[in-house]
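Here the protein sequences line up with chains A, B and C, keeping their order.
Number 255 in my numbering belongs to position 255 of the first sequence; there are no gaps in the numbering.
My numbering runs 1000 ahead of the 1-based position in the second sequence.
My numbering runs 2000 ahead of the 1-based position in the third sequence.
Any given hint could turn out to be false.
Claimed, not checked - DSS-like, lysine-lysine: derived pairs with alpha carbons at most 27 Å apart:
#1 C:K2069 - C:K2009
#2 C:K2069 - A:K276
#3 A:K119 - A:K9
#4 A:K40 - A:K104
#5 A:K58 - A:K119
#6 B:K1094 - C:K2069
Source of the hints: derived by calculation from the structure; they are not laboratory data.
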Amino acid sequence: MSAGQETLKVLAERFDDLLLRWTEAQSEEGVQRTDVFSKKEVREQSTRLLRAFLDGAKGGDLDDPDLSTESWADLRDALREVSEERTERGVTPTQMATFIHALKTPLFEFLTDRIDDSKALAAELIVAARLVDAFALHTTEAFIEHREKVIERQRAEMIELSSPVVELWKGILAIPLIGALDSARAQEVMENLLEAIVERQAEIVIVDITGVRTVDTQVAQHLLRTAAAVRLMGAECIISGISPTIAQTMVQLGVDVGEVLTRASIRDALVHGFNKLGWDIQSIKRPDEHAGRRDGRGGRV
Amino acid sequence: MSFVPEAAQHLETAAIKTERDVATARRAASRAMDAIGARAVAKARFVTAVSEVARNALIHGGGGRLAVHADERAVYVICADDGPGIDDVDAALKDGFSTSDSLGKGLGGAQRLAARFEIETSPKGTTIRMASA
Amino acid sequence: MSDAASLFKVNGVLLVAIREDIDDTDIVDLQDRLSNAVNDEAVDGVVIDISALEIVDTFVGRVLGQLAKIAHLLSSDTYVVGMRPAVAMTLVELGMTLPEMRTALDVDQAMRRIREGE
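The following block holds chain A by itself, in its conformation from the complex (with noise of 0.2 Å):
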């Protein structure tokens, strides 16, 4: 018998025998889980893998097991899903790999009792132990790559939430840029600024640092680049919020705002954007306040 076949026919034959007793084993390492996995779950994630197990193993090179042939593709997917169920509700990788592991136990059971010839069974244990290593160390990478997708989307999320482009008028974003900025976090602020642009049709932009904990060189480059990015694209770019202190800081360093409009305030930025889309600014009079105004002029910007 080659290598591998008893424990091919450990799989088939004693399928429902390993599954009862991988969830023991499970439940006897502390892996499986059931504060945040119901019985049932357990049950039906084993039973998942176990079945994609036997079918790849049916299939597959047990001597020399590479899981990335297509024989086992149906146990990557079944592994993946499983992992992805797992990271979702929190169990650590140690956790999963183990999960895995505990399969050894009655699967070594169940060989010793099949075999009588202690090098045949010791053939075969190394077949068996390298199929379960090898189970479970893609199971890891699968879990951690799972993870930085996770990380990554979050990463990307709190970008998003950090700076909002917001509309403050038909033709007029503001950007309130807040906390620090460094190269990543300047480009991915560009990116989102200009398809803003390109999405509702703005012809004014308000960069707004007034959150912004501190101006050095770097910043000033990533803002001036900022606005050029956005003159190309057929907007006027204001920087607001410009305080006596980085105005300072500016000047000192050597920056050359050049053409680049600035204001104190988004306040300041806003007026000056009403003024060149044409919009008036003028307050509603009542008519007691009226009576009380000979001019009868409201308020003009």
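Assemble the complex: chain A is given as a structure, and chains B and C must be docked to it using the hints.
Same frame as chain A, but now just chains B and C:
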């Protein structure tokens, strides 16, 4: 050379002989970036770098060839010409920061835009290797 | 050849739409055609639509900048419209801010500005 990972596939090699071939090189790089699913900004950056380098091979190198490789992570481009080489590489790379007037070689820009950039030059020719990630 | 860019005259404004696959030869050709057109006809302005361009490198950028200057010398104003975000970001990274070139969001806006004599 170990610049291009072993697992990367060679997609195509474009000949750079005439002015129209700079656009050909751009298209080849563009196709490769699309194939790996690159986003618009990453694509614009790298293909622009390829354009600069291809034009340089044409104008200063007398023509050459551009090989495009790719794996799942990145696109790798090797542009080689048999021209007289670049005397002062540092100056050439600085030159590339052209304003609309100066005739910079565009290489400095390419270096800035590509994630990885290597240049090898001698009187026998110049080879530039770039990766998009 | 002339397929890479189409020229129209609309309401006294020269409208140019540049196609995605324009190459070096075509763009230099375009510069000639445009300069002549601006010179020959009484043109109030030039609008160049680059919305089809995914890539604008230093060569194309320089030609566009030169076009703007030439047109200006010929008493016409040039607006470049439809620049894609990825293109704007790349040009800026290359240090090409093209200050002599006017820009607008789209053809409509550019035409409006030309009419208003900005």
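Tested hints:
1. Proximity of C:K2069 to C:K2009 is assessed by CA-CA distance (about 20 Å); at most 27 Å being required, the pair is judged to hold.
2. As the CA atoms of C:K2069 and A:K276 are separated by approximately 26 Å, the hinted pair is consistent with the 27 Å bound.
3. Between A:K119 and A:K9, the direct Cα distance comes to roughly 18 Å. Compliance with the 27 Å bound is thereby established for this hinted pair.
4. At most 27 Å may separate the alpha-carbon atoms for a hinted pair to count; A:K40 and A:K104 meet this at roughly 22 Å.
5. Only pairs whose Cα atoms come within 27 Å are accepted, and A:K58 paired with A:K119 is accepted, the gap being roughly 24 Å.
6. Annotation: proposed proximity of B:K1094 to C:K2069 holds, straight-line Cα distance about 25 Å (limit 27 Å).
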